[in-house]
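There are 2 protein chains.
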Amino acid sequence: MYQMRAVVLRTLGDPDVLRAEEVPDPHPDPGEAVVRLRAAALNHRDVWIRTGRYAGIKLPVILGSDGAGEVVETGANVDPAWCGRAVIIDPSFNWGDDERVQGPAFQILGLPRDGTYAELVRVPADALHDKPPHLSFEEAAAVPLASVTAYRALVTRAQVASGEDVVVTGIGGGVATCALLIGTRLGATVYVTSGSEAKIEAARRHGAAGGVSYHDPEWPKALIAQIGDRPDVVIDGAGGDTFNKALDLVKPGGRVVSYGATLGPVQGLEIRRIFWKQLNVLGSTMGTRRDFAAMLRLYADGLQPIVDTVLPLDQAAEAHRRMEEGQQFGKIVLRI
Amino acid sequence: MYQMRAVVLRTLGDPDVLRAEEVPDPHPDPGEAVVRLRAAALNHRDVWIRTGRYAGIKLPVILGSDGAGEVVETGANVDPAWCGRAVIIDPSFNWGDDERVQGPAFQILGLPRDGTYAELVRVPADALHDKPPHLSFEEAAAVPLASVTAYRALVTRAQVASGEDVVVTGIGGGVATCALLIGTRLGATVYVTSGSEAKIEAARRHGAAGGVSYHDPEWPKALIAQIGDRPDVVIDGAGGDTFNKALDLVKPGGRVVSYGATLGPVQGLEIRRIFWKQLNVLGSTMGTRRDFAAMLRLYADGLQPIVDTVLPLDQAAEAHRRMEEGQQFGKIVLRI
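Respectively, the protein sequence lines represent chains A and B. Here my numbering is used: the first residue of the first sequence is 1, the next is one more, and so on. Here my numbering is used: the first residue of the second sequence is 1, the next is one more, and so on.
Just so you know, the hints here were simulated from the structure itself, not pulled from any lab data. Among these hints, one or two may not hold up.
[Stated by the list, open to error] Heads up, incomplete: computed chain B residues facing chain A, CB under 8 Å, no partners named:
id	residue
1	3
2	4
3	82
4	98
5	101
6	258
7	259
8	261
9	267
10	269
11	277
12	281
13	282
14	284
15	298
Glycine included, every Cβ here is placed at the ideal spot set by N, Cα and C.
Could you build all of it, start to finish, from the sequences and the hints given here?
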């Protein structure tokens with residue numbers, strides 16, 4: 001029996017707990033397929049799981065929500081024509097029937113189901129999508145989780161229209177950089193915030209109209225000066241004081257989409273701003289099958305993901321260290 | 001020259017600063033009309049202004065946003081057929097062109113413009129609406145500000161549908177009791193919270209399906225038990241810790257409308273709840289001309305406002321004391 005190589009998380013801890021080893025090959029249940037992965041990509045979720053800061057951790061588990069490769073085996077009730085096709089995997093499983101919100105059976109690939117830091121992964125066949133031909137496997141692996149999250153935040157939730165001004169906080173991370181790409185593609189004018197001038201410069205190269213350093217406590221004012229107005233929409237994954245500033249910054253009647261809270265809860269939330277400005281504060285996480293398919297069409301139409309680094313699977317620990325240092329701009333990819 | 005009687009706020013302070021006196025009659029500018037008021041009603045806004053807790057206070061001013069009476073004089077460019085008609089006054093002036101949010105010129109009757117604690121009030125003619133014939137002047141005066149705020153919160157913002165479960169926090173206050181009436185009228189099943197068992201009982205008599213005391217720190221659990229599920233919508237004017245509990249209480253994918261923050265800012269806002277539950281947090285204040293007209297149709301179709309107390313204009317101080325004690329259920333009205 002062939003043994004695949006995979007990075008199995010057996011104990012929580014620092015990046016060095018991530019070591020490649022040989023484990024039994026997965027085989028498809030009915031309705032499933034097995035993909036020979038060519039590339040995976042990291043998400044902050046992987047770091048939170050590895051360090052024990054995630055709900056429902058069950059070990060051992062193979063991390064990884066993002067993957068691209070070729071289908072090598074199909075289970076019962078799956079069209080065998082999938083075999084040999086180059087695919088990208090939708091990491092949202094069992095969303096449920098309500099487009100507004102995931103149901104209680106919702107799962108994300110890479111916990112509890114084994115994920116993509118592996119040579120093979122077993123997934124429901126309806127998670128398979130043809131890889132856009134112009135994308136390499138590394139580029140394709142950079143797309144799924146971050147792009148579907150950004151797409152849902154911008155399109156399904158904020159309904160960003162061409163010509164609107166959009167601020168994306170904390171550029172550099174996966175969802176934020178995808179929001180920059182997708183927002184620009186939709187015809188919005190996108191501004192960013194970052195702690196790093198180099199990242200603001202990189203954002204400009206990828207289509208941002210401007211940006212400010214969040215080390216300036218008056219950054220909302222600086223941004224309003226750049227835009228010449230308040231923005232219509234703020235897309236925020238930071239939370240904490242940034243969320244309060246987003247409520248202050250955004251135009252009356254505007255939308256603030258929250259997709260995360262890396263800075264934690266908000267202290268002293270000024271509710272007065274929410275009601276007096278008639279704001280829409282819209283929570284968003286991951287995306288539906290429909291969100292994923294619509295997002296993928298943007299890439300099929302020529303959108304190019306931003307890859308920060310490509311490392312071999314054996315260097316998953318090194319890849320996690322890079323993510324924890326927060327120096328990346330775009331996705332950190334593992335070549336398999 | 002006839003001198004009307006009015007309660008003029010000349011200095012900030014306790015309720016006793018509210019004394020009726022004689023002041024010159026108002027006369028209409030072009031586009032305006034003068035209404036001989038038969039009744040006015042109180043809002044918390046009046047108390048906040050009297051005690052100096054409101055932006056843009058300019059003294060002296062006649063307080064009062066709610067009024068009903070008869071048109072006695074019309075200015076240039078106003079159809080003189082208004083004269084003699086029994087009217088109810090829309091207290092939102094100069095909303096602006098954007099249905100989503102009031103513009104910078106927006107004003108509320110009763111500051112800076114003189115309001116309805118008076119025998120006569122001068123208002124823009126487009127603020128006039130025919131009084132629903134089955135309502136007395138006291139009942140009609142109980143409608144405007146609270147009902148338009150509740151209507152916009154429930155209908156324009158939350159888009160409450162028949163059959164949905166709606167929780168209204170802090171029943172007893174003007175907007176909350178109007179939200180109970182309007183929500184029930186829309187076919188929603190309305191639950192309430194209050195610090196007073198008597199108010200919960202009163203809410204039941206006015207159509208509430210149930211209610212819980214917010215003195216129970218586990219009140220969201222108690223409410224879920226009553227409803228048999230989480231509610232689709234929470235309408236909150238309290239803010240503070242109640243807002244956090246509303247985010248916890250509401251159904252995933254649900255809506256929380258905030259129209260006020262009597263408890264002040266929120267500490268430790270759990271943003272995670274907003275994004276993971278894909279919530280819509282919708283700010284709302286006052287309402288547009290369209291909101292007002294649509295709200296008024298509900299009353300014209302037979303909805304009956306809740307009047308707590310009727311006192312003569314000379315007892316405005318006593319009326320304010322009653323509002324500050326917070327014992328009222330429904331509107332406190334001044335007969336003029």
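Query raised in the report: Which of the numbered hints are not met once you compare them with the structure shown?
Result: 1, 2, 3 and 15
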